[in-house]
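Take a look at the letters that make up each chain.
2 protein chains.
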Amino acid sequence: MKWVRRWFIAGLLIAGTWAISAGLAEAADALPSWNEGPAKAAIVRFVDATARAGSPEFVAPAQRIAVFDNDGTLWAEQPMYFQLLFVLDRVKALAPQHPEWQTREPFASILKGDVRAALAGGGRALGELMIATHAGTTTEEFARIVGDWIATSKHPVTGRPYTEMVYQPMLELLAYLRASGFKTYIVSGGGIEFMRPWSERVYGVPPEQVIGSSIQTKFELRDGKPVLVRLPEINFIDDGPGKPVGIQMHIGRRPLAAFGNSDGDLQMLQWTAAGAGPRFCLYVHHTDAEREWAYDRASSIGRLDKGIEEAKARGWTVVDMKADWKRVFAFEQK
Amino acid sequence: MKWVRRWFIAGLLIAGTWAISAGLAEAADALPSWNEGPAKAAIVRFVDATARAGSPEFVAPAQRIAVFDNDGTLWAEQPMYFQLLFVLDRVKALAPQHPEWQTREPFASILKGDVRAALAGGGRALGELMIATHAGTTTEEFARIVGDWIATSKHPVTGRPYTEMVYQPMLELLAYLRASGFKTYIVSGGGIEFMRPWSERVYGVPPEQVIGSSIQTKFELRDGKPVLVRLPEINFIDDGPGKPVGIQMHIGRRPLAAFGNSDGDLQMLQWTAAGAGPRFCLYVHHTDAEREWAYDRASSIGRLDKGIEEAKARGWTVVDMKADWKRVFAFEQK
Chain A
1 MKWVRRWFIA GLLIAGTWAI SAGLAEAADA LPSWNEGPAK AAIVRFVDAT ARAGSPEFVA
61 PAQRIAVFDN DGTLWAEQPM YFQLLFVLDR VKALAPQHPE WQTREPFASI LKGDVRAALA
121 GGGRALGELM IATHAGTTTE EFARIVGDWI ATSKHPVTGR PYTEMVYQPM LELLAYLRAS
181 GFKTYIVSGG GIEFMRPWSE RVYGVPPEQV IGSSIQTKFE LRDGKPVLVR LPEINFIDDG
241 PGKPVGIQMH IGRRPLAAFG NSDGDLQMLQ WTAAGAGPRF CLYVHHTDAE REWAYDRASS
301 IGRLDKGIEE AKARGWTVVD MKADWKRVFA FEQK
Chain B
335 MKWVRRWFIA GLLIAGTWAI SAGLAEAADA LPSWNEGPAK AAIVRFVDAT ARAGSPEFVA
395 PAQRIAVFDN DGTLWAEQPM YFQLLFVLDR VKALAPQHPE WQTREPFASI LKGDVRAALA
455 GGGRALGELM IATHAGTTTE EFARIVGDWI ATSKHPVTGR PYTEMVYQPM LELLAYLRAS
515 GFKTYIVSGG GIEFMRPWSE RVYGVPPEQV IGSSIQTKFE LRDGKPVLVR LPEINFIDDG
575 PGKPVGIQMH IGRRPLAAFG NSDGDLQMLQ WTAAGAGPRF CLYVHHTDAE REWAYDRASS
635 IGRLDKGIEE AKARGWTVVD MKADWKRVFA FEQK
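Chains as they are written, first to last, in our numbering: chain A, 1 to 334; chain B, 335 to 668.
Note that these hints are calculated values from the structure, not bench results. Using N, Cα and C, we set each Cβ at its ideal position, and we do this for glycine too. Some hints here could point you the wrong way.
Said to hold, decoys possible - For lysine-lysine, the following DSSO-like pairs were computed, each having C-alpha atoms within a straight-line distance of at most 30 Å: (1) Lys225(A) x Lys374(B); (2) Lys660(B) x Lys218(A); (3) Lys488(B) x Lys426(B); (4) Lys225(A) x Lys640(B); (5) Lys552(B) x Lys306(A); (6) Lys306(A) x Lys646(B); (7) Lys40(A) x Lys306(A); (8) Lys225(A) x Lys646(B); (9) Lys660(B) x Lys640(B); (10) Lys154(A) x Lys312(A); (11) Lys640(B) x Lys312(A); (12) Lys640(B) x Lys40(A); (13) Lys92(A) x Lys154(A); (14) Lys218(A) x Lys640(B); (15) Lys312(A) x Lys559(B); (16) Lys218(A) x Lys552(B); (17) Lys322(A) x Lys312(A).
Unchecked claim - Some residues of chain A that are not near chain B, with every Cβ distance over 10 Å (derived): (18) Gly37; (19) Ala95; (20) Thr137; (21) Lys154; (22) Val202; (23) Thr217; (24) Phe219; (25) Pro226.
To be verified - Quick partial rundown of chain B residues pointing at chain A, CB under 10 Å, derived from the structure: (26) Thr492; (27) Trp532; (28) Gln550; (29) Leu555; (30) Phe570; (31) Pro575; (32) Pro578; (33) Val579; (34) Arg587.
All chains, full assembly: derive it from the sequences and hints.
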């Protein structure tokens, strides 16, 4: 039976070596798309302090909640929010069923290709567009529509699928946090049911960890079959002061770490920072006009003005995309 | 180095034996408070079919979602919903700050000990009572109030803490499902923030897996400190047709299994049953006037009328508490 023993021991040695090298790799290489610098160092320091057994600031796994904004934090948001590009595509797809749209604003302008004119109608025009493209279906039909769109549509500037317009350093950060026992949530102003059909595949965030804006739904029996119908009424706006409200509603615990890129994330970061013990707040600052876009205080999309002041005053981490990220998108040629 | 090899082999053998006996114990003893019978058999069959690797009906762990009503399903709901007993206690506790309540209904009747008269005002009276006792605090203050109450109050009939008024067979079922890779959720008509302060300790269900009714909250900075203030406005009623809506909002997946005890759970069970593949629906039927209470079609609390008909017609599992449960509460003398 000597060979059995040898076999066992060889197996144990291999497993042990593997475990040790995996541990080292985790510390050294979890964030390969991040340049060495203060942002990466702050992240690693926080994760080590809260997740390493024996650390004086150790936090129980159940309390390790990390919340991420989506637009501009996990994926791009230029030249406009991707959900708005979905709206425009849906208006075109639905137009044959709505001949009246040819002459009715804001639809008529979109069908002529003049988005700016369509959106000149402000919140009311946008509301009409959202309802026409987001309500009236069942939840299952809507998930299918979004799934089809995300699988086939391309970003208007890069020509890449939208799911490739995600930031590689942030994907690494999500995975690093999860490997360190954190539960990662998305907390977005975007539609909750617009994100769920692909959030698990793209970000590793399952539907039950997606928080977002929503319209109302209603339970109905249709020919004895239960459905949830999406109604033309707003239920919840998960933006600005709505983000802590959404976090409390869905999670019921205060996050340990929060990641955003705009003033719409400020209250989420404030709420996170105000908890007892170690907390971590981070802003992604869009500074790279070459590999991505550069915008902040004056932008109508993802404006970062008050937030960057508060980040400076409170010592939150600010990621300078140009300096801190080795690459922005996975598809970049290095 | 012979002793090292022996040591390794002994360890492997012990670990192996332990794993095998743990597997057997799980199947045999996971539900010790359940009598052998059709209800227990149906549960074990479903869990085996969906969670055992190699089963033709195997379901991936991420899809193993089980939802539980609370009042009358996990803990008792007689002589009235426990949250209503909390309301009565809170009115008494707050009365010194509200001298006007001595003469104003429905408060005056409660302070005289006449609950029936107080509730004669119907939904409007109840709404007033809910707002007076549930709104106006921050979320953290409310959690503290609930936590103090649940730690110190006693059930009016049994004299037991409310957290002992939970059904031992259902605690075993929750644990059995979790051990089989299910994620267990509470989906209750009761207040979401009324359950979260104790749901993890009592049921093993963390706050992010509690779904319930809610009032609106608002983010505020008070002296620079962020708080969430509970407002006197209903946000969501998680009952009847609201339960599938709440499930979709919080989980975004259809449950694999649903557990209830009243007509208020019917739509949740319908929604669950309508999914593709194996699904499991169960009603707890209150049939034990001696160890608990006996009530169904004619009860104003936890009415079970349409639900029991549908359960019969569809072959859902119905638990006869008297026949199926070896004991109801952990504190019972055997």
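These are the hints, each one checked on the structure:
1. Lys225(A) x Lys374(B): Judged against 30 Å, a Cα distance of about 28 Å means the pair holds.
2. Lys660(B) x Lys218(A): violated (40 Å)
3. Lys488(B) x Lys426(B): Holds, because 15 Å separates the two Cα atoms, which is no more than 30 Å.
4. Lys225(A) x Lys640(B): With a Cα-Cα distance of about 17 Å, the restraint between lysine 225(A) and lysine 640(B) holds, given a limit of 30 Å.
5. Lys552(B) x Lys306(A): At roughly 20 Å apart (the allowed maximum being 30 Å), lysine 306(A) and lysine 552(B) satisfy the hint.
6. Lys306(A) x Lys646(B): violated (60 Å)
7. Lys40(A) x Lys306(A): holds (23 Å)
8. Lys225(A) x Lys646(B): holds (18 Å)
9. Lys660(B) x Lys640(B): holds (27 Å)
10. Lys154(A) x Lys312(A): violated (37 Å)
11. Lys640(B) x Lys312(A): Violated - the C-alpha atoms of lysine 312(A) and lysine 640(B) are around 60 Å apart, more than 30 Å.
12. Lys640(B) x Lys40(A): With a Cα-Cα distance of about 59 Å, the restraint between lysine 640(B) and lysine 40(A) is violated, given a limit of 30 Å.
13. Lys92(A) x Lys154(A): holds (15 Å)
14. Lys218(A) x Lys640(B): holds (20 Å)
15. Lys312(A) x Lys559(B): The given pair, whose Cα atoms are some 18 Å apart, holds under the 30 Å limit.
16. Lys218(A) x Lys552(B): Holds: lysine 218(A) and lysine 552(B) sit about 25 Å apart, inside 30 Å.
17. Lys322(A) x Lys312(A): holds (18 Å)
18. Gly37: Its Cβ never comes within 10 Å of chain B, the nearest being 30 Å, so this holds.
19. Ala95: holds (29 Å)
20. Thr137: Non-interface label stands for threonine 137(A): nearest chain B Cβ at 13 Å, farther than 10 Å.
21. Lys154: holds (26 Å)
22. Val202: Label holds. Min Cβ-Cβ 15 Å, cutoff 10 Å.
23. Thr217: Per Cβ check, threonine 217(A) is inside 10 Å of chain B; nearest 5 Å; violated.
24. Phe219: It is violated; phenylalanine 219(A) is separated from chain B by about 4 Å at its closest Cβ, not greater than 10 Å.
25. Pro226: violated (5 Å)
26. Thr492: With Cβ-Cβ at 29 Å, over 10 Å, it is violated.
27. Trp532: violated (12 Å)
28. Gln550: At 8 Å from the nearest chain A Cβ, glutamine 550(B) passes the 10 Å test, so the hint holds.
29. Leu555: Check passed: Cβ of leucine 555(B) comes within 7 Å of chain A, closer than 10 Å.
30. Phe570: With a closest approach of 9 Å, the phenylalanine 570(B) hint holds.
31. Pro575: holds (4 Å)
32. Pro578: holds (5 Å)
33. Val579: holds (5 Å)
34. Arg587: holds (6 Å)
Violated hints, in rising order: 2, 6, 10, 11, 12, 23, 24, 25, 26 and 27; the structure is consistent with all others.
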